[in-house]
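Knowing the structure of chain A, use the given hints to seat chain Z on it.
Line by line, the protein sequences are chains A and Z. Numbering of the first sequence is given in my numbering, commencing with residue 1 and proceeding in unit increments. Numbering of the second sequence is given in my numbering, commencing with residue 1 and proceeding in unit increments.
The set of hints was computed from the structure by calculation and includes no laboratory data. Mixed in with the good hints, there may be bad ones.
Claimed, not checked - Quick partial rundown of chain A residues pointing at chain Z, CB under 10 angstroms, derived from the structure:
#1 L51
#2 P52
#3 R98
#4 S100
What the hints assert, rightly or not - Derived CB-CB ranges, DEER-like:
#5 A/H105 x Z/Y16: 17 to 25 angstroms
#6 Z/V238 x A/D88: 25 to 33 angstroms
#7 A/F66 x Z/Y16: 47 to 55 angstroms
#8 Z/L113 x A/F66: 32 to 40 angstroms
#9 A/A12 x Z/R96: 58 to 66 angstroms
#10 Z/L113 x A/T199: 54 to 62 angstroms
Since we're looking at a predicted model, the values are computed, not measured. Just so it is clear, CB atoms sit at the ideal spot from N, CA and C, and this is done for glycine as well.
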Amino acid sequence: MIKVERLTKKYAGVTAISNLSFEVAKGEIVGFLGPNGAGKSTTMRILSSFLPATSGFASIASYDVFKESLKARAHLGYLPENVPLYGDMRVGEYLRYRGSLKGLHGKRLHRRVDTVKELCSIKEVENRLIANLSKGYRQRVGLAEALIHEPDLLILDEPTSGLDPNQIRQVRELIKSLGERHTILLSTHILSEVEMTCTRVIIINRGQIEASDTPENLVGQIRTSGTIRLEATTGTDDPGSWIEKIPGVKSVTTSEEEGWRRCSIRVEAESDPREAIYRLAVDRGWVVRELAQERATLEDAFVELTHKDN
Amino acid sequence: MRRLITLLQRELSAFYYSPIAYVVLFFFLVLNGLSFWFAIAVLNRAPSENTVVQVFFNSAFFWMAYLLVFPVITMRSFSEEFKLGTIETLMTAPVRDWEVVASKFLACLIFYLSLWLPSLLYFLIFGWFGNRSALGSSGQLLAPYILLLMMGMFNVALGCLASSFTSNQIVAAMISLVLTIGIFFLTLINYVVNSSSPLLREITSYVAQLDHMDSFSRGVIDSRVFVFYPSMTFLLLVITYQVFQYRRWRA
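Looking at chain A on its own, in the form it has when it is part of the complex (with noise of 0.2 angstroms):
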């Protein structure tokens, strides 16, 4: 649905994105990640074709985005970052003429404007301003002008960003069965949305991708942090002298509160010596409330990608 070869832009000298290749297969939800100023809503609006690429190739639905951009157009819905829009038209209004822009007419684009305020919970203020409207509404009335014309792509730039916790659980909803019917790169800061929306992930960092994969898969690489809590009355006993002779632990960092110790286990990669630990509290006669492998997330891969050399 999307491919992306060797792209590189350069505004007056700076290079935003350099070399970046990568595809969308049909029927994917693909999350782009990256710091601020990584480069995500520069690749974005290159495939929208609202910039030229300085060099490469970028092409959607098989139309490259800049010889045959109307076909391309034609097959994007797109969410700009801050969604802009007019705001002295009514949400109504607006849907029925970025319908017709896109080539909806008659009973078509009615039912299309009807099927969209439905999707998109904005009936209840269809004749209201859009300068009027709350953050959320806003967010939603761009993705429903985004969907209008049943586009076979989706492009959301932070389609998340500025709403309140209800509001991200409901888009995270309308995007995930969205994903049922349409290809969607989404844009994002918010981590655990990924984890629950997309099927794969993209990386970049200062213009380059750093990592592509799923997000099992790329929260399986790094292991490397891996760490084990023990809560534990141990009475007399020193719990970190006991449990560093366990082979696979790196070290033991103890603190104590209202008589419970509290251990922070680090232990090397791959090793996982929970049971052994679990035995060695049973010999010893302690007390345990709590023992639990502290999983790596989605952020420890980003935060490990993205900010090795910053």
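Same frame as chain A, but now just chain Z:
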């Protein structure tokens, strides 16, 4: 074609939904009313060979309204899109750049022309109740309006160009005002430059809007107007198109 009509509808509704349109219309009507009242007052004072059409279209009130209206009409056309960021949604929809430029120009031109409609009513009412001979022939009434269309399209295109330069409406209005008034007074250069050459006179005569109106309101139609203004309008729109593309690609 359907896209162009959709865009044009949107541009026109943006005009008529905004309060600015009615403020402009109000002051425009006040100035036109003054101009008409002035024309009748002048003709009542002493016997004159001039028709009411002639005096109306050559009064200071008329020219003031005419010159001030262009910046106000055109200032928001492109700058607003850049400022709101809606340029991004607009240009990622399947529309061609020239369609956007054409729709904005046409919407401004239609709004401009609609401002002159009430003044037609003045003359109709005058013809009803007043002295038919003081009105002149119907051709003499039509000619100034044809000229207003010709000069108007040029100045509207100039205003659209000014608006495409900047994201700030006020800056756009200032640029457009300076250009409009500068070109309007270009003929004055003949009085300033001592040894004004015939060539300079020839060149400035093309944009001598006061002279054009003088002859058109007498019913004398100058064919140069029909070539010069439409071709200059086209040129200005081509430049606007280029500036618009440049700014959007640099964004």
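task = Return the numbers of the hints above that this structure violates; sort them in rising order.
result = Violated: hints 7, 9.
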